[in-house]
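Student: The residues making up each chain are set out below.
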Amino acid sequence: MNVLVCIDDTDNLESRGTGDLAEQLAGEVRERSWGLCEFVTRHQLLLHPDVPYTSHNSSMCFAADIDAQHLPALIERAQKFLAEESAPGSDPGLAVAVPESLRDATALIEFGRRAKQDVLSKQDAYSLAHDLGVHLSEHGGTGQGVIGALAGTGLRLSGNDGRIKGWMDIPTSDGVAKVADIVARFNLGGVRSMDGALLAADDLIAVGEKPKAVFLGGKPFLMVSPLQQEGGVRWQTSSRRDLKQY
Amino acid sequence: MWIKCNDGLRLFRHGRENFNAAAQAAGSCTSFRADVEEEWVTDESRSCYNCRYRRWTADSFVCQAAP
Chain A
1 MNVLVCIDDT
11 DNLESRGTGD
21 LAEQLAGEVR
31 ERSWGLCEFV
41 TRHQLLLHPD
51 VPYTSHNSSM
61 CFAADIDAQH
71 LPALIERAQK
81 FLAEESAPGS
91 DPGLAVAVPE
101 SLRDATALIE
111 FGRRAKQDVL
121 SKQDAYSLAH
131 DLGVHLSEHG
141 GTGQGVIGAL
151 AGTGLRLSGN
161 DGRIKGWMDI
171 PTSDGVAKVA
181 DIVARFNLGG
191 VRSMDGALLA
201 ADDLIAVGEK
211 PKAVFLGGKP
221 FLMVSPLQQE
231 GGVRWQTSSR
241 RDLKQY
Chain B
1 MWIKCNDGLR
11 LFRHGRENFN
21 AAAQAAGSCT
31 SFRADVEEEW
41 VTDESRSCYN
51 CRYRRWTADS
61 FVCQAAP
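Top to bottom, those sequences are chains A and B.
First residue of the first sequence? That's 1 in this note's numbering, and the numbers climb one at a time after it.
First residue of the second sequence? That's 1 in this note's numbering, and the numbers climb one at a time after it.
For the record, the hints were derived by calculation from the structure and aren't laboratory data.
Just so it is clear, CB atoms sit at the ideal spot from N, CA and C, and this is done for glycine as well.
Honestly, I wouldn't trust all of these hints.
Computed spacing ranges between beta-carbons, pair by pair [what the hints assert, rightly or not]:
1) A:Ala201 to B:Arg46: 29 to 39 Å
2) A:Gly232 to B:Met1: 42 to 52 Å
3) A:Arg113 to B:Glu17: 19 to 29 Å
Here chain B stands alone, though its shape is the one from the complex (with noise of 0.2 Å):
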């Protein structure tokens, strides 16, 4: 699911559009926090690509939360 960075970061390994696994990550996840309202991108309210400790990159995101 993740690719370990230089920097200690997580990168999603599936990008930007597979909204099932980034379901599934965040299912799983006990740093999940849903971000504000506007920077939702999914209508599953539980996601990383709601989560607020997610860093969008051109191609996916990082996480920030503590692994």
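For reference, chain A alone in the conformation it holds in the complex (with noise of 0.2 Å):
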């Protein structure tokens, strides 16, 4: 079955972030032999003086494919190290929700929707995971968390929010990769433009500093800008200012 694992609001402002305890968490899963785990994506939401974030509100995503058996192993495993690994002050919050069996998967869609848009509160998350069936725990502080945590299980279903963590270390000649080549090794969706536009197979692409892939139609898409110069690449990696947006 398909898990969407989510943990929010766990680093303070000295500590790992929430990134790197998700991608630890999912390896967890892979040692165990409990499945196999997907990239791990961003999510930002709601940048308001009411929201008590550290410095950028952000949750993180990943999915993993497991045996229903591990299921409760799982959510006890990650509950745990949330409990060990979240830093001091902080506010960690766990979702872990089944796509294939929630009630309403609109309804946690829209719940991620309106959390980069609106003020949440821990009892409209709660109310809605029990109505749903997704796990939702709080583990330390004021346990805020579990609202950006839920929040993230919905944007990852949406399949359309988020940046993927890490970038793509992209092989090249003289700077320059084909697309083709660029989706076969890391798997990705494509390769777009920032105006939506999905380039050919044999595009060329200038990769500058360490590009990152955004998460478009459930997939990890790889985006670029206009390249203005002689020759055949008329495709630039997107900079991260660009992505932004994601």
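Got two chains here, separate frames each, mind docking them using the hints?
Tutor: And the structure:
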């Protein structure tokens, strides 16, 4: 079965990031042979004075394909992991959703979208999680992270939100790589321009420093921007500034 | 470059899109510390926009480092 695991508000100004913890937890799922995990996605939530985030208010989510018998153990381990690894002063929350058994997937996605626009409460989160059958738990501090954790599962489920944690180490020839090669190597949905056009397999891309993928249509996509130069290379990997919107 | 807040922290005067000003401010800052990679929003590694002590607001950020 496919499960979505999302954590939020595990850090403080001096600690490791929530994304690192999500990757570590995904690593444990693999090490314990519970199943296979996908990449971690970062989901931006509302920036507002009434939301008590540390610095950026983002949550981190990964999908795992596990045998159903391991779900209780995964949840138990994730709870213990957050209690052990979250930073002092943080307010960690954990959400584990099983998309195939959700009572209303649309409601979970809508909660994620609302968390990008409205100030939501823990009660909102717990109430919805109960109604939908999503595991939601808090592991220290105020437990405010349950809001972002639940929202993150909804945004990941939407298939159209966030950036992939980490960057792509793309092999190049003189700084250039072919779309087909990049897509195959990183199992991407494709390479798209910032205005949404899908590049052809034989298009060439000038690869910049530490290119990142974004999550669109349920797959990672490399984003590119026009390159003004002579020759056959018409695209370059998009800058982080361009990717801010994701 | 900064607006002093009532709580003693500093609000970046130039908003969220002035990348030159953010790089300039970080260049002379002794408290700068790069945030984790997934929170970087500009390609200049040394920028207040990539600093772990910035707390984003809707329009700008507040510096949480000691002035």
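Student: Hints first: check each against the structure and report whether it holds.
Tutor: To see whether the hints hold, each was checked on the structure:
Take Ala201 of chain A and Arg46 of chain B: their Cβ atoms lie about 38 Å apart, and the range 29 to 39 Å holds. Under the hint 42 to 52 Å, the C-beta atoms of Gly232 of chain A and Met1 of chain B, about 44 Å apart, fit the expected range. For the pair Arg113 of chain A and Glu17 of chain B, the supplied restraint of 19 to 29 Å holds, since their beta-carbon distance comes to about 24 Å.
Consistency with the previously given hints is maintained throughout, with no hint failing.
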